[in-house]
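Novice: Since the structure of chain A is provided, determine the placement of chain B on it from the hints.
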Amino acid sequence: MAGASIDRGIKAVTGKQKRYSVFSLAKNASSYHQNWQQAWRHAEPKPEYDAVIIGGGGHGLATAYYLASVHNMTNIAVIEKGWLGGGNTGRNTTIIRSNYLWDESAAIYEHALKLWEGLAQDLNFNIMFSQRGVLTIAHSEHELKEMSRRVHAIRLNGIDSEVLGPDEIAKFVPCINMDQSIRYPVMGGFLQQRGGTARHDAVAWGYARAADDMGVDIIQNCEVTGLKRSGRRITGIQTTKGFIKTRKVGCVVAGHSSLLAEMAGIHLPIASRPLQALVSEPIKPVLDTVIMSNAVHMYISQSDKGEMVLGAGVDKYNSYAQRGSFPVPEHMIAAAVELFPFLSRLRMLRHWGGIVDTCPDASPIISKTDIDGLYFNCGWGTGGFKATPGSGHVFADLIAQDRPNAIAAPYALSRFETGLLIDEHGAAGVAH
Amino acid sequence: MRPLAEHQISDSEFGEYLFLRDNPKGVFLERWRHQSGCRRWFNIVRDTYSHEIIETYAMGATPKSKAGKAAYQQSWRRKTAAEAAAKPGKGNR
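So the sequence lines, in the order shown, correspond to chains A and B.
Residue numbers for the first sequence follow my numbering, so the first one is 15 and each next one is one higher.
Residue numbers for the second sequence follow my numbering, so the first one is 190 and each next one is one higher.
Treat the hints with care, as some may be off.
Below are the BS3-like pairs computed for lysine-lysine, each with C-alpha atoms no more than 30 Å apart in a straight line [as the list claims (entries may be wrong)]:
#	chain 1	residue 1	chain 2	residue 2
1	A	Lys262	A	Lys25
2	A	Lys255	B	Lys214
3	A	Lys25	A	Lys95
4	A	Lys298	A	Lys95
5	A	Lys262	A	Lys60
6	B	Lys214	A	Lys242
7	B	Lys253	A	Lys319
8	B	Lys214	B	Lys258
9	A	Lys330	B	Lys255
10	A	Lys185	A	Lys95
11	A	Lys319	A	Lys298
12	B	Lys253	A	Lys330
13	B	Lys268	A	Lys330
14	A	Lys95	B	Lys253
15	B	Lys214	A	Lys382
16	A	Lys32	A	Lys330
17	B	Lys214	A	Lys262
18	B	Lys214	A	Lys259
19	A	Lys298	A	Lys60
Computed far set for chain B versus chain A, every beta-carbon distance over 12 Å [as the list claims (entries may be wrong)]:
#	residue
20	Ala194
21	Gly215
22	Lys276
For the record, the hints were derived by calculation from the structure and aren't laboratory data.
Just so we're clear, the structure is a prediction, and the values are computed from it rather than from any experiment.
Just so it is clear, CB atoms sit at the ideal spot from N, CA and C, and this is done for glycine as well.
Next comes chain A alone, as it looks inside the complex (with noise of 0.2 Å):
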């Protein structure tokens, strides 16, 4: 993945905000933290926009953010039905990794790390990013030899990736079980040492005050009820703010994608899913990375709040419900517990579901449509976090240059005439 650095954009707050660092900390602990600033406005609608972004999750936050810091466009809005970061960035794992089998997705997945490497800078917020590693486990002979051919793969695309046996294993994760007695055995697996966890709220919040310090109002409580066109170009949204001119719309709605398209007369390849997680009581310390297993069918971390954060695969039912069914978490604790013994004292203390938007082929569309100035960023089902300001920079510069860049074109739409898809289900269709 070596190539020209990626223009990060204008360092953000350089508007009215007041910088967050150690000397506001200090000041404001001074007053008992009573006056802070207000991290972003609560902007009312303005009757037109250069450009509107549907959805105030990180994906869609990150593109106003980049529209306006990468591309200069600030007189834009991110138009939000509930309330920031409350869909799927609020309810996934929080885990972040690039270690992608095919080239594509090694590009936008690595595009995104980098990214995330300097994000807290870039937005003057901590977003807790935290490299401690995304660990996969092997439980079979015949996975240890795919994930070696994975490994070399994901290392010629210029991507850092390691096989380790069981003893490095046990040296590394000190807590599982080593016990090759069990019905699915710890036999290798293989780590991307970059990889790790980022505090979901915090990317969310933090592109919002970085965006709306340049501009960008952000509209919560506002429902898009319709896309009025004129001919085959986008003339504006009907809202329940009312009605907001605009010539390009940019919808990154995740799981209510198909509800979008469809009001512009566009059919999407997604079927909406739950997804479901889960944390337990907050312990201390015992796990500083992330485990993934695709055999059993689970992936767990520890936040830094000390609960163990659990994710699995989706329900294999549409729904738009945010809840799932009980095999799956079921499943999800049988798996964590083999690897685990000690998780089975613990108590659940939540327990949740999102909305996923899955694509035939385990990857994103990101893509302009038949209709002129009308864009969309979905499909990214059930690993779409690592993603976000990957996924937000390429989006707004697909918005703002009405064409796809090197890392976004072959996420288009037109994949599914022309059979050219990016079958991520080998490497992603489970774990994220």
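Specialist: Same frame as chain A, but now just chain B:
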């Protein structure tokens, strides 16, 4: 239904058949399999928001309930070239 006369439709129309989906928030027509029981396939009319099961019906049949009928008739798929090419008749071998 699979377009039998696949040579008569364009790549884009075949792509529509193969990949594009109905993904409604509300009444949805699906095919389920009774995996742990009789192992038979059957059709179901289900609400994807309330999870209410409105109706089940046999393979090859069409829905009887008002909501199911409406969802069946209003689906854009009924009007696609792929659906037309799925019907046995002229041009099909």
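Novice: Taking only the CA atoms, is the gap from lysine 32/A to lysine 330/A under or equal to 30 Å?
Specialist: Between lysine 32/A and lysine 330/A the Cα gap is close to 47 Å, so the pair fails against 30 Å, i.e. violated.
Novice: Has the given pair, lysine 95/A with lysine 253/B, been kept, meaning a C-alpha gap of at most 30 Å?
Specialist: violated (35 Å)
Novice: Keeping to a limit of 30 Å between CA atoms, is the pair of lysine 298/A and lysine 95/A held or broken?
Specialist: violated (37 Å)
Novice: Taking 30 Å as the top limit, are the C-alpha atoms of lysine 255/A and lysine 214/B close enough?
Specialist: holds (22 Å)
Novice: Decide if the proposed pair is consistent with the structure: lysine 214/B and lysine 262/A, CA atoms, cutoff 30 Å inclusive.
Specialist: At roughly 26 Å apart (the allowed maximum being 30 Å), lysine 262/A and lysine 214/B satisfy the hint.
Novice: Hint check: lysine 25/A vs lysine 95/A, CA-CA at most 30 Å. Holds or violated?
Specialist: holds (28 Å)
Novice: Take a quick look at whether lysine 214/B and lysine 258/B sit within 30 Å of each other, Cα to Cα.
Specialist: OK: lysine 214/B and lysine 258/B at ~16 Å, within 30 Å.
Novice: Holds or violated: lysine 253/B with lysine 319/A, Cα cutoff 30 Å?
Specialist: violated (53 Å)
Novice: Is it the case that glycine 215/B keeps its Cβ farther than 12 Å from each residue Cβ in chain A?
Specialist: violated (8 Å)
Novice: Can the restraint linking lysine 253/B and lysine 330/A be considered satisfied, given a maximum Cα separation of 30 Å?
Specialist: holds (25 Å)
Novice: Run the C-beta distances from alanine 194/B to all of chain A and say if the shortest one exceeds 12 Å.
Specialist: The assertion about alanine 194/B holds, with a minimum of 18 Å to chain A.
Novice: Next pair to validate is lysine 214/B with lysine 242/A; report whether the Cα-Cα distance is within 30 Å.
Specialist: Given that 30 Å is the threshold and the Cα spacing comes to 21 Å, the pair holds.
Going down the numbered hints, you'll see the structure goes against 4, 7, 10, 14, 16, 19 and 21, while the others check out.
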